[in-house]
Amino acid sequence: MAKGQLYPRAGAAAYQVDCDVNSEALIVGSFEGNSEQTYLRSEVTCKPKLGRLPREITLPGNVLLVCDSSESLDAWLDGKGGDAINKLESKRHWVIASVVMVPVLLYLVFAFIMPWIAVRFADVIPQEAKFVASQHTLSAMDATILEPSGLPVTQQSSLQAHFHKVINDIGVSHDYFDIQFRKSSFTGPNAFALPDGTIVYTDDMITLAGEDLAILDAILLHEVGHVEQNHSMQMIAESLFTTLAVSYFFGDLTGAIEAFFGVGSTVLHNKFSQAHERAADDFALHQLSVTGRNPEDFARAMEKLSESLPEASETVENWLSTHPVMKERIEKARAFNQ
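Read in order, the letters of the sequence shown are residues 931 to 1268 in this note's numbering.
Watch out, some of these pointers could steer you wrong.
What the hints assert, rightly or not - Straight-line distance between alpha carbons at most 25 Å, and here's what the computed BS3-like set of lysine-lysine pairs gives:
hint : residue 1 : residue 2
1    : Lys979    : Lys1021
2    : Lys1021   : Lys1095
3    : Lys1262   : Lys1234
4    : Lys1234   : Lys1113
5    : Lys1234   : Lys1257
6    : Lys1113   : Lys1095
7    : Lys933    : Lys1095
As the list claims (entries may be wrong) - FRET-style restraints, in silico, Cβ to Cβ:
hint : residue 1 : residue 2 : range
8    : Lys933    : Ala1005   : 11 to 21 Å
9    : Gln935    : Trp1046   : 42 to 52 Å
10   : Lys933    : Ala1041   : 41 to 51 Å
11   : Phe1179   : Ala1027   : 17 to 27 Å
In case anyone wonders, no lab produced these hints; they're calculated from the structure. C-beta: ideal position from N, C-alpha, C; glycine also.
Generate the whole structure from the sequences, applying the supplied hints.
What follows is the structure, encoded as structure tokens:
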């Protein structure tokens, strides 16, 4: 027999009652003219046992019963499985092991399992969906950080014809590539690829290369590598699954702890991005080599870009950037054919 408080659905009053269990039912004693009631296990719900705290049991009619924990009540509510979990939670060595293992398991989930799922998911997305997503993305960028190109139309047409010839030379599996140009004071010298095969150069990137088409070719092949290896869709899928996982695991944490895990998620996300950049670099270097071009062109392109960027700590750049460190990329390109 245990003591409990009964909270009817209507009103804030609490009634002292006696609680007991037998092999079949929970027995709640009489109170305030109400007769004794019995409830089968299937008629009630309860929260999992937490240490020595009283048990909160929801009775039919949304009536709450808060009852002191006891071995017989716990066994009736939780069965053998609940007892085993409670024993694990009460053992210090298991608590210590969980403190160590939970962060390790979370790291494995975010660093390896999520990227693996993202790659598999991205591979089954149809081209039509990639096209719609890409056009919406480009429209949003045009409305915010991009402007119409200031390059002469004749120069744009000449570059597009040249770039399509480069793409034809390497024999890609992707059957759609659209080379476009934009002006942007936000991105500076840059080029990026969208999932459907749209590749955008900024005017500053064209200006930075000057008359050196080989530099632009090296950058083009890097962006083609992103499209061929489906990196953009993988990044979208990885971001989606990571966001869902963070919300699932940490949804009830305070803002400060959420911010901490947000930084960790960003670092892992950027490491995934860096892996994509290295893969696209490898693609570009290989294609430059097999088509009779020079991997040194890629090194020169990276040098040009690094000269246009503000200096930053290599340690900070390595962890927080979505791209590998420029010095590493330049050295890799120069060592490619050695």
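Here is what the structure says about each hint:
1. Lys979 to Lys1021: holds (15 Å)
2. Lys1021 to Lys1095: Roughly 68 Å separates the two Cα atoms, so the pair is violated.
3. Lys1262 to Lys1234: holds (16 Å)
4. Lys1234 to Lys1113: holds (18 Å)
5. Lys1234 to Lys1257: Distance ~12 Å between Lys1234 and Lys1257 Cα, so the pair holds.
6. Lys1113 to Lys1095: holds (24 Å)
7. Lys933 to Lys1095: violated (84 Å)
8. Lys933 to Ala1005: 11 to 21 Å: Since the Cβ atoms of Lys933 and Ala1005 sit about 18 Å apart, the hinted range of 11 to 21 Å holds.
9. Gln935 to Trp1046: 42 to 52 Å: holds (50 Å)
10. Lys933 to Ala1041: 41 to 51 Å: Given about 50 Å between the Cβ atoms, the range holds.
11. Phe1179 to Ala1027: 17 to 27 Å: holds (19 Å)
When each numbered hint is compared with the structure, violations occur for hints 2, 7.
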